[in-house]
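A.B. asks: For reference, the chains in residue letters:
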Amino acid sequence: MIRRALVCAAAVAALAGCGGGGTHGRATLWVTRDEGAKVLLVRSVPAGETAMQALDRSAAISTRYGGRFVQSIDGLSGSISSRHDWFFYVNGIEADRGAAAYRLRDGDVEWWDYRDWGRFGQSVPVVVGAFPEPFLHGYDGKVRPAVVVGEDTPVVQKIARLVHGRLVGSGIDPLPSGANVLVVARSRAARFYARRQGSAVWFMFFGDPRRLLEPSFYRYRYRVS
Amino acid sequence: MLRRSLAVVATLAATLAVAPFAAGALVHIRVEGKTQTIFGSTQPRTSAATPLDALLAAARAGEFYAHIASSSFGNYVDQIGFYPASGSSGWVFKVDGASPPVGADQVQLEDGDVVEWYWATFGASGGPPTLSLTKVQGRCYRVVEQDDSGKISAAAGAVLHVDGRTVRTQGGTGGAMACLPGRHGPVWATLAGAVRSNKLP
Numbered sequence: 001m002i003r004r005a006l007v008c009a010a011a012v013a014a015l016a017g018c019g020g021g022g023t024h025g026r027a028t029l030w031v032t033r034d035e036g037a038k039v040l041l042v043r044s045v046p047a048g049e050t051a052m053q054a055l056d057r058s059a060a061i062s063t064r065y066g067g068r069f070v071q072s073i074d075g076l077s078g079s080i081s082s083r084h085d086w087f088f089y090v091n092g093i094e095a096d097r098g099a100a101a102y103r104l105r106d107g108d109v110e111w112w113d114y115r116d117w118g119r120f121g122q123s124v125p126v127v128v129g130a131f132p133e134p135f136l137h138g139y140d141g142k143v144r145p146a147v148v149v150g151e152d153t154p155v156v157q158k159i160a161r162l163v164h165g166r167l168v169g170s171g172i173d174p175l176p177s178g179a180n181v182l183v184v185a186r187s188r189a190a191r192f193y194a195r196r197q198g199s200a201v202w203f204m205f206f207g208d209p210r211r212l213l214e215p216s217f218y219r220y221r222y223r224v225s
Numbered sequence: 226m227l228r229r230s231l232a233v234v235a236t237l238a239a240t241l242a243v244a245p246f247a248a249g250a251l252v253h254i255r256v257e258g259k260t261q262t263i264f265g266s267t268q269p270r271t272s273a274a275t276p277l278d279a280l281l282a283a284a285r286a287g288e289f290y291a292h293i294a295s296s297s298f299g300n301y302v303d304q305i306g307f308y309p310a311s312g313s314s315g316w317v318f319k320v321d322g323a324s325p326p327v328g329a330d331q332v333q334l335e336d337g338d339v340v341e342w343y344w345a346t347f348g349a350s351g352g353p354p355t356l357s358l359t360k361v362q363g364r365c366y367r368v369v370e371q372d373d374s375g376k377i378s379a380a381a382g383a384v385l386h387v388d389g390r391t392v393r394t395q396g397g398t399g400g401a402m403a404c405l406p407g408r409h410g411p412v413w414a415t416l417a418g419a420v421r422s423n424k425l426p
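Chains P and Z, in that order, give the protein sequences. Per my numbering, the first sequence starts with residue 1, numbered consecutively. Per my numbering, the second sequence starts with residue 226, numbered consecutively.
Since the hints were derived computationally from the structure, they do not count as laboratory data. Take these hints with a grain of salt, some might be off.
Unchecked claim - Once the Cα atoms are required to be at most 27 Å apart in a straight line, the calculated DSSO-like pairs of lysine-lysine come out as:
1. Z/Lys360 x Z/Lys259
2. Z/Lys259 x Z/Lys424
3. P/Lys158 x P/Lys142
4. Z/Lys259 x Z/Lys376
5. P/Lys142 x Z/Lys360
6. Z/Lys360 x P/Lys38
Keep in mind that this is a model prediction, so the values were computed, not measured.
Please work from the sequences and hints to get the whole structure.
C.D. replies: Here's what the structure looks like:
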């Protein structure tokens, strides 16, 4: 995924096509559990299919509620007694529709995670584990402009290129509305987490910026703290 | 540059919190009245050391009335909004779905706790169950109820309220649940005899 994203960044920085995605090409399917602590399946799937079709061709699933809800994947089933369910993300963003209603775009990361419900009423609307998504492929083909807030150093410049973002070195105020924002701030202890901000996302990184160039630092995780 | 980054962080914190700079833990607060939600249907955040602090922070933010009475066994809340406690009905609270066995000024909150104050009429089996709504896989909503001890069970028969209409949930091993077909507005759940759920935007 990372390699694909970098190739994409290098090859077509000038073209909207890379970020916009399409119904041709490939998407990536991840199946994990416990907020990505255990990776159960990683597979390349065709774009153009629905997320449900891509999952169905890759794993044994059962559905409920008229096929709109995935009850179990490879025998692992959501239940009230265990307080667990399958949660569904695209490019690190919690899906706003069922998997049967989401058509995969080129470059999308379809991510299923089996986890505890957590505290009631508190959803996890965006996670860092698919970084540099959703900066590159957005959600449902809609890619927002990206802004990186950080020091103007070679490493942060490289991070800005990675997310196809504009580095706000000298500062602009206010930040452009509707843009996805990556804040890179130096700190001794490394933290990386994401929040929804209106309809955009804000990714907050504290630590040595070079860590953001190491996928193992955040891959499959909801947050690093 | 660093200052700018910190300003961004501070802005982010401020947009998400009711009262970001008070002492205590960062918790979520909701106040459910007898006939409607009084404050925080979506469980906004506030800083509070105890459930009583959280209620008072909400009362300040939402400009609603809350009264604390003193008695030989400690302070307690005897009125929120219009209705005073009376007979076997009154104002009680839960932290993360369970009723602590001590007073509202005795519980030390931790970051992320969900504090719920609500109107309750007590019977032989204790207070009413409280409903919680969780969104799963886009447009599917799961409703569960919790008793005073926090024990979770399916809220059989619960209905969802969305866009001015009601939607029945279906039972089964997954508990009470419904998947909505299209785009929709905020959703919450009710069930006769239970305290209404949080609202999901």
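A.B. asks: Taking the hints in turn, state whether each one holds.
C.D. replies: Against the structure, the hints:
1. Z/Lys360 x Z/Lys259: holds, 25 Å
2. Z/Lys259 x Z/Lys424: holds, 16 Å
3. P/Lys158 x P/Lys142: This hinted pair holds, its Cα atoms lying about 23 Å apart.
4. Z/Lys259 x Z/Lys376: The given pair, whose Cα atoms are some 23 Å apart, holds under the 27 Å limit.
5. P/Lys142 x Z/Lys360: holds, 23 Å
6. Z/Lys360 x P/Lys38: Holds - the C-alpha atoms of P/Lys38 and Z/Lys360 are around 23 Å apart, at most 27 Å.
Against the hints set out earlier in the document, no violation occurs for any number.
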